[in-house]
Amino acid sequence: MVALRRLGAMVLTLVISSFVIFAGMYAAPGDPVSFLIGNPENMTPERIAAVRAEYHLDDPFIAQYLTWARDLLHGDFGTSMVYQQSVTTLLGSRLPVTMSLVVYASVLFIVIGVLLGIWSALRRGTAVDALITGVTTFATSIPNFVVAVVLISVFAVKLRWFAVSGPGEGFFGRIHHLTLPAVALSLGAIAVVSRVTRQTMVEQQSLDHVEAARSYGLAQSKTVVRHVLRNSLGPIVTMCGLIVAGMLAGTVVVEGVFGLNGIGSLLVEAINTHDFPVVQAILLYMVIAYMAVTVIVDLIYPLLDARVLARSTS
Amino acid sequence: MTVAVLTDVTGVRRKHEWPFYLSAAVLVIAVLAAVFAPWVAPYDPAKTDFGAIWQPASPAHWLGTDQLGRDLLSRIIHGARPSLLGAIALLAVATVLGVLIGVTAAWKQGWVDTALSRITDVMFAFPGLLFVVLCIAVFDRGELTSVLGMALAYAPAIAKFTRSIALEEITRPYVDAYRLQGVGGFFLCLRYLLPNLLPTLVGYLVVLFGEGLMSLASLNFLGFGSQPPSSEWGLMVQEGRTGVIQGIVGPALVPGLTIAIVVVATNVVGVRLSDKLAVRR
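Protein chains in written order, with this note's numbering: chain E, 1 to 314; chain F, 1001 to 1281.
The hints are simulated quantities; they were obtained by calculation from the structure and are not laboratory data. There could be a bad hint or two in this list.
Unchecked claim - Derived Cβ-Cβ restraints for the label pairs, each shown as a range:
| hint | chain 1 | residue 1 | chain 2 | residue 2 | range |
| --- | --- | --- | --- | --- | --- |
| 1 | E | Gly92 | F | Pro1228 | 31 to 37 Å |
| 2 | E | Val103 | F | Lys1047 | 37 to 43 Å |
| 3 | F | Pro1229 | E | Phe61 | 35 to 41 Å |
| 4 | F | Gly1247 | E | Asp58 | 52 to 58 Å |
| 5 | E | Val107 | F | Asp1044 | 47 to 53 Å |
| 6 | E | Leu115 | F | Ile1088 | 35 to 41 Å |
| 7 | E | Gln199 | F | Pro1228 | 40 to 46 Å |
| 8 | E | Leu57 | F | Pro1229 | 48 to 54 Å |
All C-beta atoms, glycine included, are put in the ideal place defined by N, C-alpha and C.
Work out the full structure, taking the sequences as your base and the hints as a guide.
This is the structure we're talking about:
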């Protein structure tokens, strides 16, 4: 029942967002015919009529939306006006770079963020805790394009450890090339995750069962791993999921700075060239990716916390 | 035990008072720079000088010059205007929208609340960039577009927050008292409910201001907002990038750090204000 309602809400969200996205592009000024034909010499009345018929431009708005939506359901996102190839192929060729960047950045921010959070929670009130809290607070206040420029000027230009731009060849080449972008992308997230981890762990530490475990002499490392960390996982996983979901749509700036040919730079390019089918497809991809990640988190959550599972089945 | 913890907390607060005053001073300086830009800036921000491109910091140019020989300090001072005004406009539009939706949802309850909450939830789930891209598609790029788009992205968060605090506030006896006296719903919300929500809202809004400043700077960095020759800070970082590859970091780094410092300052002030103002909660 709950699953059905979730599914219904998702479908509704998709319908609304696809409608809004389509309406936005429909309302955009400028005649699409002139973009489609390109060369002004070809602007004969017959050609214009042919193009209008081919792209269903004379249909009423709702009919155009329905045609577009039906094609979407068949996996057809239309044809890029600039590249003259299907949007699906175009997205397919750009997706790997963005995905590897997001995966790399996610590994970085989850591992480092959680470790920093645990460390400062265990050293609460000491100089280490104050230092971590201070540095992470500052880190969330620096826009990631500034971080990216600093990283390039220090590690790529001055020290020459990394390349200035490009996605790199092969597995290790890609890891090497994506290191700076991934760091730039994950810095703010590390700060947020470490803060959430610290907060929930500090709350957990003062609970009775932890006090009990400590009082009957369980080693501190075991208390932390088995009781404190395990019960803190819920909020941490939720926060990590939200950040990953945001990252799937948030690589635009970092891709631009590091000259990576991913989804984000394709979006900027498509906006600049008024390539609306591509813009529509990428915006839809962002909405779908966001929903997919949040659903995955919802599915994982009961596995981490048996109490949630018990509550939802009873 | 409790008493000991409390005194400990206030003790820490008092000892850490200086970041608040420092941050407040930073914000005051930024606002003053924006207001008095033409009088404080040593040079014309758009005046090029090809005899002095990419100069390092010197007594003549305190922060150096950029790729066109324009004085960086003057550009930063003039850039405070679009940067701060943009963030203020963004927040103003988002707050009006958000508070309107939030208070209406909390006040009407029933199906109005359900409908409004569902809409804000759906909007909340979208990446902020989506609204901006849609606005650009419809209105073309520019300062107004980026501000409007970002305002749409921020409104749902404010609506959610306002609704939650308004729901709590509505249960207070004074609201019923006014209602019994026959005060109309709209007037009651505007005259009595809203002023009581304000203290809690202000702290939240100040923190959002920092975030809004960053998002707007990112949009300008991408070239979707202010256009040259504006010296908006995000745009300055974008223009300064050409020098980075040749090892000249000043033109990109100076505006970047300015954004970071102002955002840190608003965060410190915002957190402090919400601690101070939201005493009841």
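Hints, one by one, checked against the model:
no., hint, result
1, E:Gly92 <-> F:Pro1228: 31 to 37 Å, "36 Å, holds"
2, E:Val103 <-> F:Lys1047: 37 to 43 Å, "47 Å, violated"
3, F:Pro1229 <-> E:Phe61: 35 to 41 Å, "40 Å, holds"
4, F:Gly1247 <-> E:Asp58: 52 to 58 Å, "57 Å, holds"
5, E:Val107 <-> F:Asp1044: 47 to 53 Å, "49 Å, holds"
6, E:Leu115 <-> F:Ile1088: 35 to 41 Å, "39 Å, holds"
7, E:Gln199 <-> F:Pro1228: 40 to 46 Å, "43 Å, holds"
8, E:Leu57 <-> F:Pro1229: 48 to 54 Å, "39 Å, violated"
Checked against the numbered hints above, the structure violates hints 2, 8; every other hint is satisfied.
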